[in-house]
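Participant: In case you want the letters, here they are:
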Amino acid sequence: MNSESDIILKVSDLTKSVTLENHILDLLSDINLAVSAGETLAIVGASGSGKTTLLSLLAGLDLPSGGRIELKGQAIHTMDEEQRSAIRAKHVGFIFQQFLLVSSLTALENVMLPAELAQLPNAEQRAKALLEQVDLADRLNHFPSQMSGGEQQRVAIARAFITQPDILFADEPTGNLDSKTGLHITELLFDLNKQNGTTLILVTHDEKLADRCGRKVIVDGGRLVDDSAETLSKLRTVNE
Amino acid sequence: MSNNVWIKQSLRLLGHELRRGELTIIFLAIVLAVATVFSLSGFSHQIQAAILSKSTSFIAADRVFRSSQPIEESILAKSDELGLESALKLEMGSMVFANDKLQLAEISAVGDKYPLRGELLIQNVQGGVKEQKAPKPGQIWVEQKLLDILGITIGENLEVGMAPLEVAGVIKQMPDASFSVFTSGPALILNVKDMPKTELIQPGSRLGYKALFAGESDAIEEFEEWIKPQVNETQRWYDIQSSRSALSASLDSAEQYLTLASMLGIVLAAVAVAVASRRYGQRHQPMVAVFKAMGASQRHITKLYFLHWGLLSAISVGAGLLIGYVLQEIGLNTMQEQFELTTRVSMMEPLVIAIITGVLCSVAFAIAPLKQLVTIKPLAVIRGFEHNTFHYLQMLPAILALYTLLHLFSRDWLKSVVLLGGGALVSIILLVLGQAFVSAGRSVGSKSGRALHLAFANLKRRAKENSVQLVSFTIAIKLLLLIVVIRSDLIGQWQAQLPDNTANRFLINISEQQVDSVNQFMEELAIPGSGLYPVVRGRLTAINQDSVTSDVSKEEDKDPEQQRRGVGRELNLTWRTNLPDNNEIISGQWYSAEEDKAQVSVESGVAERLDINVGDSLGFQIGSENFVVEVTSIRKVDWQSLQPNFFMIFNPQVLSDFPATYISSHFVEPEKVQSFNRFLAQYPTISMIDVEAMIGQLRSVIDQVSLAIEFILVMVVIAGSLVLIAQVQASMEEREREIAILRTLGAKGSLLKNSVLLEFVCLGLVAGLMAGMAMEIAVYFIQTQVFKMSASFHLEYWGIGMVAGATFVGVMGMISCWRLLNMSSVTLIRRTM
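If you read the sequences in order, they're chains A and B. Here the first sequence is numbered in full-length UniProt numbering, starting from 1 and rising by one per residue. Here the second sequence is numbered in full-length UniProt numbering, starting from 1 and rising by one per residue.
Honestly, I wouldn't trust all of these hints.
[Claimed, not checked] Cut-off 27 Å, straight-line C-alpha distance, at most; resulting in silico cross-link-like pairs (DSSO-like, lysine-lysine):
| id | chain 1 | residue 1 | chain 2 | residue 2 |
| --- | --- | --- | --- | --- |
| 1 | A | Lys72 | A | Lys216 |
| 2 | B | Lys8 | A | Lys128 |
| 3 | A | Lys10 | A | Lys90 |
| 4 | B | Lys78 | B | Lys228 |
| 5 | A | Lys72 | B | Lys377 |
| 6 | B | Lys303 | A | Lys90 |
| 7 | B | Lys145 | B | Lys197 |
| 8 | A | Lys90 | B | Lys8 |
| 9 | B | Lys377 | A | Lys90 |
Since the hints were made in silico from the structure, they are not lab data.
Construct all of the structure, not just a fragment, from the sequences and the given hints.
Facilitator: Laid out in structure tokens, this is it:
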């Protein structure tokens with residue numbers, strides 16, 4: 001299915017557990033996954049299934065309890081916070097459900113932020129160009145609180161693409177938006193993704209959004225279930 | 001791209017946040033702390049220096065050594081060795097002659113350098129007044145009164161002892177002129193070199209030898225340490241502080257008050273910084289998490305925030321210094337005339353103290369929240385943000401910093417420890433009480449209306465934050481009440497000291513024959529007065545058959561300075577049937593008029609120094625006559641009252657047969673002054689001391705100091721308000737979420753407004769009540785320990801505290817939440833989701 005050289009993200013025997021008062025709770029177990037460069041992957045699953053935990057591990061925001069994660073061939077599960085930060089700055093982009101724009105910075109400055117952290121040249125020009133692409137050329141100097149949810153998420157998308165990351169993680173990117181705006185955001189996300197040839201991994205409840213991806217994986221009870229149409233329909237029945 | 005992105009980002013953040021008002025509370029809190037410290041310490045530094053120079057002029061030196069024997073050479077040699085300036089002065093009462101007339105004069109023979117402090121102003125024959133040092137040998141300066149009595153003018157000769165000396169000028173101001181009503185006559189100054197010619201120094205002459213010293217404070221202190229152990233019972237070493245001037249006492253309490261109030265202001269400003277920086281930490285959490293998720297390293301974040309906070313502090317400290325400087329200038333200009341601030345003292349010390357205050361406030365109170373902030377995990381972008389966990393250990397740097405600040409400002413470790421320890425203890429008690437109140441509120445609330453129920457439910461849910469909030473509200477209100485109460489007590493006490501009809505003229509040397517006409521004149525013109533006090537001069541010779549000299553030697557372990565006063569010199573004795581005003585019997589009983597037994601009432605200070613108790617017998621000598629009386633009461637005398645006061649008051653039976661002169665004090669209204677003076681002109685032997693100018697000076701100083709107190713009160717109120725606003729703001733995000741939820745669930749705007757209002761009003765009410773109680777305890781200690789006033793209770797302020805607390809916290813809370821309460825549901829949801 002994936003040739004070894006194309007693989008941008010490789011996960012083997014991944015587990016994550018937390019210690020509660022008297023017992024250990026397994027959040028994820030036996031996760032094995034490989035994602036090719038340029039692929040679009042949807043991680044779907046019921047609430048509490050562990051999909052967001054998985055996303056945070058894949059993006060290097062958290063460390064697993066066991067197993068391996070290799071991002072661009074680098075074993076991020078062995079790295080400390082600082083090393084993972086450096087990896088994120090270089091290869092990773094994010095889009096969050098709550099947009100998470102820096103409230104004290106303008107739209108333009110929010111978009112410039114990752115480019116500056118990655119020390120890319122011409123951060124401002126890049127940011128302006130991207131904001132134009134997401135139809136916010138006239139809102140460059142507006143602060144997040146002066147923008148609607150849809151506008152904020154468009155800023156977040158522009159911010160995610162400014163460093164031309166190898167891999168983009170999106171956590172419920174349309175979760176906080178009405179369906180019309182959500183649709184618009186989806187279009188924008190996939191258009192930009194295509195233009196940049198970025199690998200996209202998104203976590204969502206939204207089936208329509210998941211359907212736009214090339215591949216879907218289902219997380220159920222902390223385990224990865226195969227992504228066949230049959231299983232999906234089974235899950236759908238359970239969810240309903 | 002260069003690797004100093006953090007600088008750019010930090011500046012950008014700071015610029016936006018400052019413009020958007022997100023840092024206003026922290027900014028104001030630091031500004032306030034710095035401005036308060038700078039203006040007040042600068043101000044009091046300057047005023048202190050002015051007062052000191054003005055008051056040291058009352059003794060014409062920094063320190064004075066007085067002895068009944070000539071000053072030893074070794075003392076002067078030591079002072080020279082330490083680089084001190086010194087001047088000699090010899091004092092005595094003696095008759096002087098001119099035109100076949102004679103008059104008792106207070107003679108001062110002074111060395112060339114006299115006076116070392118203050119101004120000696122002399123009017124010359126042309127009428128010009130000039131500042132002078134000692135007169136040339138052969139010349140003297142005298143008070144106008146002496147010229148009038150003797151009927152001579154400037155240029156004529158006057159015989160002092162055996163020496164005819166030329167009157168070269170009239171004394172207009174003598175820095176160490178005696179304010180005492182018992183001075184023996186008009187002043188006369190001659191050069192000490194003329195003393196041998198006068199032949200006034202004879203065996204048995206009553207002479208006072210003085211050596212005046214002035215110089216750098218270090219040298220003075222070293223000299224003081226050297227000389228103090230050598231001072232014997234016939235000598236005295238003193239500075240201006242030991243003077244009993246009402247002015248110095250008032251200024252002393254004012255200074256104490258200003259220091260205390262400023263310390264409380266600093267505490268409040270520091271609390272505001274602490275609260276605001278916690279909120280700052282919380283508000284920046286998402287920002288840091290996003291930065292980290294985007295790949296910013298810990299180092300990057302630390303540098304970014306170090307610069308951000310550092311610049312914010314620097315800007316705030318700078319603004320604080322500027323505002324403090326302006327306030328200080330305004331204050332000094334207002335008082336310029338009063339204190340004749342001709343030379344400005346260096347502002348270096350207040351400046352350094354103010355800068356340290358700003359830096360300590362911004363570092364120590366923010367270090368814990370900032371540390372938590374920069375170490376936040378990037379995972380928070382997914383998992384959400386938690387409120388800062390609060391460990392009591394985190395308060396350690398803040399407490400240490402607060403102590404340092406208080407100490408730095410007050411230079412009084414005891415006061416700082418008491419204020420801090422007391423504050424911590426009160427906070428803990430209040431925290432426990434607060435939690436109890438909040439819990440109790442829940443059960444009350446559940447039985448009440450919907451808005452109240454919601455309000456109490458909110459209070460209960462945020463029990464921990466609310467009890468912390470309650471404590472800071474309480475402390476803020478308490479400190480405000482404290483400042484208000486002490487201020488009114490203090491100013492009230494000063495004003496009581498100087499009522500409108502305070503005596504402004506003293507008459508002395510009224511002879512027995514003049515008594516009736518003086519009384520008659522005062523009655524005719526309706527001039528109020530103290531009544532006439534007869535004065536007989538006599539010596540205390542024995543206490544319970546022990547002669548006083550042996551008594552003194554038994555007291556060697558006591559402070560030598562306390563041994564001398566009241567013995568070894570003649571006392572002014574009086575008799576009287578009624579207890580004078582401003583005197584209070586503290587033990588024994590005032591004699592009744594019918595009793596024949598010889599009795600005396602002794603002033604409590606003297607009684608304590610000489611170990612005199614009710615029932616003791618005292619031996620006195622008047623002229624050549626000796627007699628013994630029983631002590632039947634001990635009196636407390638208000639020495640600051642402007643009226644004749646006495647150590648010993650006898651019943652009339654004892655003294656009435658001795659020849660006496662009389663003294664009295666009067667309040668002469670301006671329109672009666674002329675008639676008063678005309679009347680006195682008929683009796684040249686009666687001396688009049690005009691203290692009008694002194695009272696005027698005292699009044700205006702009190703007015704100015706009261707103004708300074710109003711100023712600090714305003715500062716403390718602003719600091720208190722800042723704490724309240726910072727506290728309300730700290731809970732804003734959470735409130736926003738709650739209101740959004742309640743709105744979504746269909747809660748009416750009026751219900752939400754009422755519940756928010758009630759929540760704050762309840763908090764304010766409870767805080768006000770607790771503040772009233774805490775204030776009462778604090779006032780008790782401050783009044784009795786710091787100001788040495790009698791304690792008073794202020795139940796009315798408990799009510800004021802509650803009403804003010806409820807109103808203030810309610811209004812501040814509503815103002816802070818108003819925008820939130822009027823937002824549409826959609827906006828609210830959008831903001832909080």
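Participant: With reference to the structure, classify each hint as holding or not holding.
Facilitator: Quick rundown of the hints versus the structure:
1. A:Lys72 - A:Lys216: This hinted pair holds, its Cα atoms lying about 21 Å apart.
2. B:Lys8 - A:Lys128: Distance of about 18 Å is within 27 Å: holds.
3. A:Lys10 - A:Lys90: Distance of about 18 Å is within 27 Å: holds.
4. B:Lys78 - B:Lys228: Judged against 27 Å, a Cα distance of about 13 Å means the pair holds.
5. A:Lys72 - B:Lys377: It holds: about 23 Å lies between the C-alpha atoms, which stays within 27 Å.
6. B:Lys303 - A:Lys90: 20 Å, holds
7. B:Lys145 - B:Lys197: 25 Å, holds
8. A:Lys90 - B:Lys8: Status holds; Cα separation ~20 Å.
9. B:Lys377 - A:Lys90: 19 Å, holds
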